[in-house]
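Visitor: Sequence:
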Amino acid sequence: AYAAKVAGWVQGYTSNPNNSFADWSFMQRKVADFSAAADGFQARVDATAAALGAGYPNIARLRSAGVSGPRLRAMNDVLVGLERVFLGGHAETESYFFKHVLYTPSAVNSYGSTVMPLIADHLAGRNATTATFDIGRISQYIGRAARFVNTSVWWA
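With my numbering applied, the sequence shown corresponds to residues -17 to 138, in that order.
Hints in this document: simulated from the structure, not taken from any laboratory.
The beta-carbon is built from N, C-alpha and C at its ideal position, and this holds for glycine as well.
Treat the hints with caution; some may be incorrect.
[As the list claims (entries may be wrong)] Ranges between beta-carbon positions, derived for each pair:
1. 107 - 61: 30 to 36 Å
2. 108 - 132: 34 to 40 Å
3. 54 - 106: 42 to 48 Å
4. 24 - -1: 32 to 38 Å
5. 53 - -3: 36 to 42 Å
6. 55 - -9: 27 to 33 Å
Working from the sequences, and respecting the hints, build out all of it.
Guide: So this is what it looks like as structure tokens:
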């Protein structure tokens, strides 16, 4: 579901004709990589659940089907680690609004959020150089997320 959300956000940005001045090709490749990695992870979770007769995989069903605590912990560690991949360079500072590179609290709506704020800011400024640079930066995070999921060997 996470990869589908990211793909939807990117599709929203790329389908907007006002954003056509920026180069989205690198991000589209990284989103495809992340989607493939997420699909592979979900397939492994589903296979684990099916092998144990747990039906729809969730923590309670996997636990009741006999998946051990360490195995559940390993699955959860992949998900927690994935979220950590998306913490940006401001994670150690007081700039808590930009800790997460994919979404942050909205600056104008206290009940909302901003998706990919670095990109949104530079798209609004209509500067192709800075927008494309930040699209590349966020794309690198998405690529790291794909690599992280693909190299997490909890199922071994």
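Visitor: Against each hint, give a clear statement of whether it holds in the structure.
Guide: Status of each hint after checking the structure:
{"no.": "1", "hint": "107 - 61: 30 to 36 Å", "result": "35 Å, holds"}
{"no.": "2", "hint": "108 - 132: 34 to 40 Å", "result": "36 Å, holds"}
{"no.": "3", "hint": "54 - 106: 42 to 48 Å", "result": "43 Å, holds"}
{"no.": "4", "hint": "24 - -1: 32 to 38 Å", "result": "33 Å, holds"}
{"no.": "5", "hint": "53 - -3: 36 to 42 Å", "result": "41 Å, holds"}
{"no.": "6", "hint": "55 - -9: 27 to 33 Å", "result": "30 Å, holds"}
Checked against the numbered hints listed earlier, the structure breaks none of them; every hint is satisfied.
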